[in-house]
Each structure stands twice: as structure tokens, then as C-alpha cells.
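Single-letter residue listing:
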Amino acid sequence: EDQVTQSPEALRLQEGESSSLNCSYTVSGLRGLFWYRQDPGKGPEFLFTLYSAGEEKEKERLKATLTKKESFLHITAPKPEDSATYLCAVSWGSNYKLTFGKGTLLTVNP
Amino acid sequence: DAGVIQSPRHEVTEMGQEVTLRCKPISGHNSLFWYRQTMMRGLELLIYFNNNVPIDDSGMPEDRFSAKMPNASFSTLKIQPSEPRDSAVYFCASSAGQLIPGELFFGEGSRLTVL
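Line by line, the protein sequences are chains A and B.
Oh and the first sequence: position 8 is 176 in my numbering, straight run, nothing missing.
Oh and the second sequence: position 47 is 48 in my numbering, straight run, nothing missing.
Worth flagging that the hints you see were computed from the coordinates, not collected in a lab.
Mixed in with the good hints, there may be bad ones.
What the hints assert, rightly or not - No more than 30 angstroms apart at the CA atoms, straight line, and that leaves these computed lysine-lysine pairs for DSBU-like:
id: 1; chain 1: A; residue 1: Lys227; chain 2: A; residue 2: Lys247
id: 2; chain 1: B; residue 1: Lys25; chain 2: A; residue 2: Lys210
id: 3; chain 1: A; residue 1: Lys265; chain 2: B; residue 2: Lys79
id: 4; chain 1: B; residue 1: Lys79; chain 2: A; residue 2: Lys270
id: 5; chain 1: B; residue 1: Lys69; chain 2: A; residue 2: Lys227
id: 6; chain 1: A; residue 1: Lys210; chain 2: B; residue 2: Lys69
id: 7; chain 1: B; residue 1: Lys69; chain 2: A; residue 2: Lys270
Only a predicted model underlies this, so the values are computations on that prediction, with no experimental measurement involved.
Using the sequences provided together with the hints, build the complete structure.
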């Protein structure tokens, strides 16, 4: 059973069309939830860290939120340059490893 | 500022050959991670070093894989002998965090193809 599940696997939007990506997790004792962006042929790039339910972080057109079982990455009025794979990862319990989801491939058409 | 530097960027080899991937972390970072990424399994942690000491190697798939960090500015991941199922993109990442991974800085990866 996957501990981190991201949905949808792929999302195609028109420029300006806002939407949300989901990351649900089944681990207990969450120490942190992380969002990364990955462009083709590149390594993941850190976006946000969320530590507790109710926390929100914003960066440009992106806003990440966290509940007890899931996180959302809201994308407001996206632009084509927001096209990328967005990865979610969790760290939990006494474990300092990051467990990544498989990502959501976002395509924003002009 | 130089980020995490990995080499080679691409490697094509034949089954049974030895493969060595190299990583230079960001100066001042005391945590180093090796990850493997495939379409089927996503990003998987192979090994984690803290202050040049291997802390967790439970993700190393088998004895064919080994990793070293002789000093704070260099690490290697070696596969010997290589097999076609080792084909993947291997990422090195470094972090200044100690108790939790925190913000990881990834290199651009080494794409390995084993024929």
C-alpha cells in the first residue's frame, strides 16, 4: 500500500484556469510534508514545507495547505511556465527519510 | 552559487559492467542522499549520509550497490555488476537539516541505461 498518493496523475489546464492537486498520506506521526517541482531532465526543486494541520504556505501562484490526512497544492491563474511535475513527500515518526508520491504532471496550455 | 553537481549526466553501459556515479554536495551541507527515480516506482531513497557517515542504507537494493562519502565534498554510488533493471535516473541531494530532511537540494541526475 502506497503511503503517499497523489492525484490526479496528470492534469491539463488552460492558462488562467485555476485548479488543485491532491496529496494524501497514510503515515502516522507526520513530521513534515514537502512539495517539490520537477522539470523534465532536472532534479526536483523544493517549494514548501508544511508541519501541522491548518498550516498554509504561498509562493507566487501556488498555495499549499495541510490537513490531518492530505495536502492540496492550489494553482491560481496558472501560466504555461507552471507546467511541470509536482511531487509531494512526507517525513514521519522517528524516520527522517522522505517518502515521495509519484507526482502529478501538470500541463498548462497557452 | 554552485548547486549539487553530479557526473556523468548520462551513462550507457552493458550488463555486468561496473558503474560509478559521482556527487559533489553544496558546500556546508552535512546531509547527503542518493535517490533513484523510475516511472514505475517514483523516487526511492537508496542511502543517507550525515556528516559523511552512512546513517541509513536500507534502501540499497542489494549487495551490488555500494556508496561512499570519503569527505564532505564528495560521494560515489557504485553498481557492480550492473543489470538492465538498474536503468533509472539517479539523483544526489544535499541538505543542511539534521533531525529531519528539511529542504533537499537535488542535482540534475545521472541517467543510467544498462543494455
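task = Compare the distance between the alpha carbons of lysine 227 of chain A and lysine 247 of chain A with 30 angstroms, and conclude whether the hinted pair is satisfied.
result = holds, 14 angstroms
query = Would the pair lysine 25 of chain B and lysine 210 of chain A pass a check requiring their Cα atoms to be no farther apart than 30 angstroms?
reply = holds, 16 angstroms
query = Has the given pair, lysine 69 of chain B with lysine 270 of chain A, been kept, meaning a C-alpha gap of at most 30 angstroms?
reply = holds, 28 angstroms
Holds or violated: lysine 79 of chain B to lysine 270 of chain A, with C-alpha atoms at most 30 angstroms apart = holds, 25 angstroms
message = Against the 30 angstroms threshold, does the CA-CA distance of lysine 69 of chain B and lysine 227 of chain A hold or violate the hint?
response = Distance of about 37 angstroms is beyond 30 angstroms: violated.
query = Is lysine 210 of chain A within 30 angstroms of lysine 69 of chain B, Cα to Cα?
reply = holds, 24 angstroms
query = Is the Cα-Cα distance between lysine 265 of chain A and lysine 79 of chain B 30 angstroms or less?
reply = holds, 21 angstroms
The structure is inconsistent with hint 5 alone, although it conforms to all the rest.
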